[in-house]
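J.: With positions in the sequence shown counted from 1, the corresponding number in the numbering used here is that position plus 7.
No wet-lab data here; the hints were simulated from the structure.
Hints may be right or wrong, so weigh each one.
Stated by the list, open to error - With a straight-line Cα cutoff of 20 Å, these simulated SDA-like cross-link-like pairs (lysine to any residue) come out:
| # | residue 1 | residue 2 |
| --- | --- | --- |
| 1 | Lys93 | Asp56 |
| 2 | Lys462 | Leu486 |
| 3 | Lys93 | Leu137 |
| 4 | Lys254 | Ala302 |
| 5 | Lys42 | Val58 |
| 6 | Lys462 | Arg553 |
| 7 | Lys398 | Asp416 |
| 8 | Lys264 | Thr215 |
| 9 | Lys462 | Gln394 |
| 10 | Lys398 | Ala350 |
| 11 | Lys398 | Thr358 |
| 12 | Lys50 | Glu110 |
| 13 | Lys93 | Ala79 |
| 14 | Lys264 | Gly252 |
| 15 | Lys264 | Ala133 |
Claimed, not checked - Restraint-style ranges between C-beta atoms, simulated for each label pair:
| # | residue 1 | residue 2 | range |
| --- | --- | --- | --- |
| 16 | Ala537 | Pro374 | 40 to 46 Å |
| 17 | Glu259 | Ser40 | 43 to 49 Å |
| 18 | Ala567 | Ala493 | 19 to 25 Å |
The beta carbon of each residue, even a glycine, is placed where N, CA and C say it ideally should be.
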Amino acid sequence: MRILRYTLIGLGVVLLLAVAAVAIFLATFDPESYKPRIQEAAKQATGRDLVLAGPIRLRPSLRPTLQVERVAFANASWGSRPEMAKLASMEVALSVLPLIRGEIAVDRIVLVEPDILLETDAQGRANWDLRPAPGAPPEPPPASGQPPAERRAPPQVAVGELRIERGTVAFRDGRTGETITLAIPRLEAAVPAGQPMRLDLEAALDGTAFTVAGTAGPLARLLDPAARTPFPVDLTVALAGARVGLKGTITEPTAGKGYDMTVEATVPDLARLAALVPGAPPVPPLRGIEVSVAARDSGAPIPELRAIRLALAESDLSALVPGVTVRRIEIAAPDVDAPIRLAGEALVNQTPARVEGTLGPLAALMPGAAARASWPIDVTLAAAGAQAAIKGQVVNPASPAPTADVALDVRVPDLAALSRLAGTALPPLKEIAVSGRVRGPGDRGQVTLADMALKAAGSDLGGTVTVTPAPRMRVEARLQGQLVDADALMAALGGEPAPAAAPAASTAPAARPAQARQRLIPDDPLPLDALREADASVRLQLATLRLGGAEYREIAGTLALDRGNLRLDPLNATVPGGAVTLRLTLDASRPEPPVHIQLSAPSMELRQLLATYGGGYRVGGRVELDADLRGTGSTPHRIASTLDGHLGLAGANLDIDNRLIDLIAGELWRALVPGAPRDGVSNVRCLAIRFDSAAGVATARAFLFDSNLAKVAGSGTMNLGPETLALRMLPTLKIAGGGIAVPVNVRGTFLNPSIRPDAAGAVGALGQMGAGAAAGAQAGAVAGPLGAIVGGVVGAARGGAATDDCPAQLAIARGGRQGATPAAETAPAQQEQPQQAPAQPPQQQPQQQRPASPLQQILPRLGR
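Construct the entire structure; sequences and hints are all you get.
T.: Written out as structure tokens, the structure reads:
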């Protein structure tokens, strides 16, 4: 509007100068001889110098034609250049007859290379403000007794044809120093008397070419600042294929006030249009833009807007957003106070998507909108059968920190159907439903998903999640659910494994075999960096978790993460077999993080536990597990090498499948118990194990396995740093209620243990066996020679009286806590003493090979 205003003002000034020159000329008749008088008359009328440097020619007729060359009109004294206007030449053709009626009718005005400068100074004075020269004779006062003369209306001016060739109009703002230049290669206009002006303009604004065509109100109305009648405008501006139409009225055209206009614009290619504007920022490659709005001056900074519509045709936005092509978008509202209607379609990675709904009024987004204004949202998104509904409001949307409070409802029949839209393969999860309420961002930028309800693959999870991005990323969650079926979720997420490709033929040398494993405890760094990146506070409650074919119930846990300091305190769950409590702290803020683990399982039912994890073993009874361990390090091996604390395992009156014992103890069990059966079930009176660790060295405070086959006691240490063993086992085979105990040393490393008999201990065992045989023979001698032999064998096997170590070892393993007591060990029935028979002559009997004694079986095995 400002450019149009100044352009019209400039044209009006030129026209007035031309008409004034013609009028003065007509009053003088002789152009050349009256040059000084013409220049003086212009000086008196305007206070400025008019220079007629070229010749003046006149072709007399009923339509006389005047030609003037090299004309200059002086600028204001404070102007930035001497001339306000310059002309290379001017041609004016007049109609004489209308002069009789007091009208000035110009058939044709041709201006060649006009150069007009419109400017203001720092105080806002305009150089087109023309005043009579000082000392000019004033109008004579009315005669005495006569009323003052009425102000005469200016004569009607009509221009049949106005043509400008190679013109320039510049506007300079004295306050800002900004200059706008309008080049006019061609202008054709008509100014009928009292009728709307017609305009056909080819111009360039600061180098950007455009055209203007249409009509505007009468020139006399434009130049009359006191008039308030509507000034009609019907113009079309075209630029780089874009077109803008202005149609309506304006009551103060020179001031740009009182307008009531309809604006309609079409932009085939926004990027092409922006490229013509110097310094324009990058714009999205939008095409087929249509904008229409009715604007009325309300006296406020923002006009009254009505009939608002914005449409966008198919536009490929893949350069801005990969894979996105807009098919159509339409936004419309009857006025700024009414809801905005939104509808659109797009292709996202070749997947059709659509959006429709309503948004709040445009007035809430404008500057000066009321604080805490509410901007409603009711939008539905749909693609590939999935649908997302967003309904709620945005509070204070025009502020720098708007806040949303919207309900979210997402339904996805088949997640895999969205794979192409997402640009990646998605798992075939069915019937996903997510709902909740999204609030934020808050004062710290936090966004909260409240009243969340997630259902997928038979699982459900609800609660509240808050994400705060600054000053440090933090996640707070309170989650609960009835069932999370991790097996079903992972089955859908994992899908079918891809078939292995056949190896291609290659002449390259075969790869070297993998290096043999050196440690049992890995020395790979733990993924601790993630713990340092963000903070978290999570509370979880699950009724049931299905994982690995097992069900875990009554899961409740609290997790806190603060600048790398992780705390899980506690995590309670009922696993297959019983209740478990886990506590964990890990401070990843330190280079060598301290770790503290506490695990308590006070009553684990073996049958249920092994049915879930062991697979097909016959077991019975309950065991107790207690661990409290501390260490420091960034790898499992470093933590183990600094470990302090204890680990205890206790159980009484157990039934354990011999296959399971063989699986766990392996060669050690077979060496300690020669001929131990691999089928059937062993009755275990007690199992008591407790290791106390200090600086990575674990010492056995309790070690006892007492079964119907053997009793194995142990002592010694395990060094977790170098992973070395220094254990001493004392196996006692149970024969006829007694036992033979031969100590065994377990040395070597965790991966390569060495099992050998303790030589000194073996000699002691043989001595004990001999003493027992002597005592037995002496007791059996009462019954005669055969009784002495039998008693000696039995006594040797017993090796003396046996002690019950189970209660004491269980108490140590349990850390002094009370627990199940082992059943009393039942002594086998004493063998009957053979009666003496009458002496019979000896008969020759076939000699049978005697089986090897238990000691003879043990020693070869232990020597391996």
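J.: Would the pair Lys50 and Glu110 pass a check requiring their Cα atoms to be no farther apart than 20 Å?
T.: violated (24 Å)
J.: Taken at face value, is the distance from the CA of Thr358 to the CA of Lys398 at most 20 Å?
T.: Since the Cα atoms of Lys398 and Thr358 sit roughly 24 Å apart, the hinted pair is violated (cutoff 20 Å).
J.: For the pair supplied as a hint, Lys462 and Arg553, confirm whether the alpha-carbon distance does not exceed 20 Å.
T.: holds (15 Å)
J.: Does Ala350 lie within 20 Å of Lys398 when you go C-alpha to C-alpha?
T.: Roughly 16 Å separates the two Cα atoms, so the pair holds.
J.: Under the criterion that the straight-line Cα-Cα distance not exceed 20 Å, is the pair Lys254, Ala302 satisfied?
T.: holds (10 Å)
J.: Need the status of pair Lys398, Asp416: alpha-carbon distance at most 20 Å?
T.: holds (9 Å)
J.: Lying within 40 to 46 Å: is that true of the beta-carbon distance Ala537 to Pro374?
T.: With a Cβ separation near 44 Å, Ala537 and Pro374 satisfy 40 to 46 Å, so the hint holds.
J.: Holds or violated: are the alpha carbons of Lys93 and Ala79 at most 20 Å from each other?
T.: holds (4 Å)
J.: Are the Cα positions of Lys462 and Gln394 separated by 20 Å at most?
T.: Answer holds: Lys462 to Gln394 is near 15 Å, not above 20 Å.
J.: Please verify whether Lys264 and Ala133 have alpha carbons no more than 20 Å apart.
T.: holds (19 Å)
J.: Regarding the pair Lys93 and Asp56, is the alpha-carbon distance no greater than 20 Å?
T.: holds (12 Å)
J.: Can you confirm whether the C-alpha distance between Lys264 and Gly252 stays at or below 20 Å?
T.: holds (19 Å)
The structure does not agree with the numbered hints 8, 11, 12 stated previously, though it agrees with the rest.
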